[in-house]
Amino acid sequence: MAQHLAQIFGTEQDKVNCTFYYKIGACRHGDQCSRLHQRPHFSQTLLFKHFYLPPQSELEPMMNGSGSAGTNPNSSTEGDKEYSDFVEDVYDELKKHGNIEELYACENLGDHMFGNVYVKFADEEDAENVLKHVQGRYYGGRAVLAEYSPVTDFYEGRCRQFEEGHCTRGGYCNFMHLKRTPGHLRSLFRATRRRYRTPFGTYGGGGRRGERFRPVSAEERRRILSRWNREREDRMHDEGID
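Throughout, the numbering used here is defined as the position within the sequence shown, counted from one, plus 9.
There is no bait here: all hints are sound.
When the alpha-carbon atoms are kept at most 20 Å apart in a straight line, the in silico EDC-like pairs for lysine to aspartate or glutamate are as follows:
#, residue 1, residue 2
1, Lys58, Glu137
2, Lys141, Glu156
3, Lys105, Asp94
4, Lys90, Glu67
5, Lys58, Glu102
6, Lys141, Asp101
7, Lys58, Asp120
8, Lys141, Glu102
9, Lys141, Asp98
10, Lys90, Glu102
11, Lys58, Asp101
12, Lys104, Glu134
13, Lys104, Asp94
14, Lys105, Glu137
The set of hints was computed from the structure by calculation and includes no laboratory data.
With the hints as extra help, turn the sequences into a complete structure.
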């Protein structure tokens, strides 16, 4: 039974945990969702909520469902200058406290995804250092809202139609419409990933520094989050909470 629950964790078959929260770190129902949002106590990835505000020139076609949120991101021009400047600002600040492997901003228009930025670090300690650093900080006159995200593999949460250039839901799709990262930063992120490989060529992310790291598969993440669920239920039982 335990093995079966671990296998279906975060899938459509899981009737307890929210599939969308597991895949994209956000859910349109928020705290009113009928399924559990198992918030991680540690992660390689930080979610910066509503962090990137697109310029009006980008927003209007997205609202009509005919702009970059409904087209192939690979056909864009590496992002406009405003987005490139934003990414460089974020990278220059966060790299002081952690090694960045991936950085994505959502083009989705739904309230729960609008402007969300995901930053994946080389390990959990880097993410923890950055989270501490940004607490109470402001960017562009707005408070920075950052939290650990369960998303460490962006493949599952991406919108396949969007990447093929024909998402029928446009900007209100519930899967990630990710902006294209500027090319010069993609090169830096690749260099970070190479630096954290083991001598045997195994990818080095996903754990604490000083260990011989290996990638965490989707099934392993489901087992970890399933364990968190059990621990949460045990704590609630001990505290007499139904």
